[in-house]
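J.: Here are the chains, one letter per residue:
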Amino acid sequence: MSLDFKFAPDDFGGFFRDETFRETFTYTNSNPRRFPFPFDRDDYMYSVNMEPHTPGRKGTAFEHTFDVDEHYVAEMIDRAKVLAEDPLRCQSLPHMTLAGWDTLELIMETKARDYPQWFSLTKDGNRWHWVNRPLGIEQSFTFLDESTLPYPPFEYIMRQTQGDWTLQDDRDGTLWMDAGIATSQADWSVDFDVGMNFMEWHAPVPLAHEKGVFDRALKFLLKLQHGSPVRRFNWTMTVNPLLDTAPETYPKWGPMKASITPENLGQKQHLRVELQSLYRLPRSNAIAFDIRCYLCSFEQIVTVPKWARRLHRVVRDLPPELATYKGFIRNRPAMVEWLSKYDDGAPTSPGWWPDD
Amino acid sequence: MKVELTPIDAPSIKSRPVYAALEPRPGKLHVIVADDAGADAVTEMLGKANDRSEILAGAHVMYCPGPTGTDGTAKLEALGAAQFFRAPTIPALLPRLVRVLADTHMGTQFYLAGTESLIGQAEREIMATGFPFASIQKEQRGSTLRRVQCVHCKGITENVATDPFKCSHCGLNLFVRDHYSRRMAAFQGVNIDAEDPGLVPESVVRFK
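Line by line, the protein sequences are chains A and B.
Quick note, the numbering used here runs 251 ahead of the 1-based positions in the first sequence.
Quick note, the numbering used here runs 2 ahead of the 1-based positions in the second sequence.
Everything labelled a hint here was simulated from the structure, so no lab data went into it.
Mixed in with the good hints, there may be bad ones.
[Said to hold, decoys possible] If you want the ones that stay clear, here's a sample from chain B, every Cβ over 12 Å from chain A, calculated:
{"hint": "1", "residue": "T106"}
{"hint": "2", "residue": "S170"}
{"hint": "3", "residue": "F189"}
[As the list claims (entries may be wrong)] Selected chain A positions facing chain B (in silico; Cβ < 10 Å):
{"hint": "4", "residue": "L344"}
{"hint": "5", "residue": "S440"}
{"hint": "6", "residue": "G446"}
{"hint": "7", "residue": "P455"}
{"hint": "8", "residue": "E499"}
{"hint": "9", "residue": "Y501"}
{"hint": "10", "residue": "G505"}
{"hint": "11", "residue": "M507"}
{"hint": "12", "residue": "W603"}
Ideal Cβ positions, reconstructed from N, Cα and C, are used throughout, including at glycine.
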């Protein structure tokens with residue numbers, strides 16, 4: 252399996268964008284209103300903020316369990332490039348193979364159900380046949396037999412799935428991040444964190460430990476049931492539509508943060524949203540954690556007046572520790588200045604949806 | 003079992019490893035790995051034992067001096083353990099530990115004492131064999147110099163005293179993040195002047 256196929260923008264009615272997340276940065280959203288804006292009020296503080304991951308409004312990122320959007324093909328090409336440069340971005344400790352199969356099954360079954368025009372899965376006992384039309388992949392294999400796939404099951408399906416994922420082994424009353432892939436992460440290292448438990452990998456996050464957020468989140472997650480996934484938001488800021496903001500390559504992308512000017516801010520500064528969803532897996536009893544990254548430029552966000560007002564207030568009032576941890580303290584004054592032009596002080600309605 | 007954890011210094015974040023004093027525990031084999039002032043932790047542990055001679059009869063002690071020259075070899079050798087080995091450095095000690103682990107059965111007690119670097123690397127070898135976490139006791143003593151992995155070039159710099167410091171491999175200026183990986187047995191070092199090359203705060207001695 253490789254992704255060196257010719258990308259034809261006309262395929263699939265031109266649905267999938269031919270775009271880049273590096274060098275030329277041609278990424279953009281055809282419809283910004285589809286963006287999962289993460290703030291349901293005018294201020295922000297850490298909370299557990301979990302809710303059932305059930306299908307939501309049509310035409311939004313919440314319509315299906317796994318949102319396959321116009322960026323799918325371009326993101327998979329970007330992922331293949333990152334993995335070629337640094338294979339340590341995808342790791343699975345030896346006891347996690349079964350959890351990898353569980354994840355592969357979850358994704359294949361769900362996508363074949365929700366997007367029959369793009370994906371299909373047929374089964375004859377353990378003989379499975381998978382078709383991924385957007386990526387030009389057709390694969391016959393034996394479920395639970397690693398020798399029948401070109402990659403281990405976790406990596407195989409991850410090369411066809413948007414979002415960074417981690418697989419948590421559930422033992423000794425905590426969760427252990429014993430497998431993971433990260434090519435669109437907000438500055439954390441799979442290579443460093445794999446094998447850590449829940450408290451260890453969250454260690455660098457400020458304020459939240461003291462608020463008991465992680466104790467409550469862990470208690471909640473240990474009770475997660477198969478078939479009842481949950482979701483929450485996280486967010487940060489990224490200069491340029493850069494999917495891969497790994498600590499490994501920070502010396503390469505860090506300097507871009509210093510390139511912001513009042514003139515280019517609207518176009519270069521992106522709100523980076525993680526739509527995180529969690530699934531209990533049936534055979535391994537592990538928990539799959541999907542960290543799906545969405546990027547939207549400030550210029551596009553302010554086309555929705557409610558979001559423009561709210562983003563201004565959230566960025567302006569965020570505690571400095573959080574702005575530092577999220578890595579945008581240096582550009583905050585410029586961001587607040589730029590956004591203030593789009594905030595007339597009018598009240599905003601509760602919830603994150605745009606006002607129609 | 004609830005153990006009282008004693009931080010080596012006030013940990014600035016939740017995941018800093020914390021260590022309790024070694025306690026004698028019943029077992030057929032006692033694998034004791036120490037460096038630096040960890041020798042004192044071992045003798046104090048034995049001082050608390052009712053069956054001191056029984057433990058020593060089933061003990062394999064491996065020791066190396068600390069990064070600042072502290073050498074407790076004589077103290078440990080004098081204990082009269084069934085087996086005693088003195089290595090010049092941690093890398094010279096680990097192959098012996100790996101060989102011992104190959105013949106070790108469940109029910110063995112592990113005692114690790116000394117620098118975080120020694121504790122982390124020995125623990126990593128033990129856990130790789132599948133021994134339960136609970137059979138490994140750890141007590142930090144002596145030097146707090148850190149073993150740090152550069153997240154960029156992946157090179158490990160041993161005995162880091164200052165923050166920030168220069169990666170001994172790629173030369174980038176790194177700050178020592180309070181983020182510890184047991185799998186790497188190392189703290190994480192992250193480039194401090196990526197956004198403004200050359201703007202490096204003055205180094206301060208944080209680890210001794």
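J.: Hey, is T106 (chain B) genuinely clear of chain A, shortest beta carbon separation above 12 Å?
T.: Nearest chain A Cβ is 20 Å from T106 (chain B), so the label holds.
J.: Just want to verify: S170 (chain B) was marked as not at the interface with chain A; is every Cβ pair farther apart than 12 Å?
T.: Holds: least Cβ distance 17 Å, greater than 12 Å.
J.: If we take the beta carbon of F189 (chain B), is the closest beta carbon in chain A still more than 12 Å away?
T.: Non-interface label fails for F189 (chain B): nearest chain A Cβ at 10 Å, not farther than 12 Å.
J.: Under the criterion of a CB-CB separation shorter than 10 Å, is W603 (chain A) in contact with chain B as hinted?
T.: Status violated, d = 30 Å.
J.: May I ask you to test the interface hint for S440 (chain A) with respect to chain B, counting a Cβ-Cβ separation under 10 Å as satisfied?
T.: 6 Å, holds
J.: Does the nearest C-beta of chain B fall within a distance shorter than 10 Å of the C-beta of L344 (chain A)?
T.: 9 Å, holds
J.: Take the shortest C-beta to C-beta distance between P455 (chain A) and chain B; is it under 10 Å?
T.: Hint holds; P455 (chain A) Cβ to chain B Cβ min 5 Å, cut 10 Å.
J.: Given G505 (chain A) was flagged as interface, is its beta-carbon under 10 Å from a beta-carbon of chain B?
T.: Given a least distance of 3 Å, the restraint on G505 (chain A) holds.
J.: For the hint on E499 (chain A), does the least C-beta distance to chain B fall short of 10 Å?
T.: 6 Å, holds
J.: Would you check whether M507 (chain A) satisfies its interface hint, that is, whether its CB is within less than 10 Å of any CB in chain B?
T.: Given a least distance of 9 Å, the restraint on M507 (chain A) holds.
J.: Hint validation: Y501 (chain A) versus chain B, beta carbon distance must be below 10 Å. Holds or violated?
T.: Since the shortest Cβ distance to chain B is 5 Å, the answer is holds.
J.: Double-check G446 (chain A) for me: the hint is only fine if its C-beta lies closer than 10 Å to a C-beta in chain B.
T.: Because about 4 Å separates G446 (chain A) from the closest Cβ in chain B, which is inside the 10 Å limit, the hint holds.
Against the hints set out earlier in the document, violations occur for numbers 3, 12.
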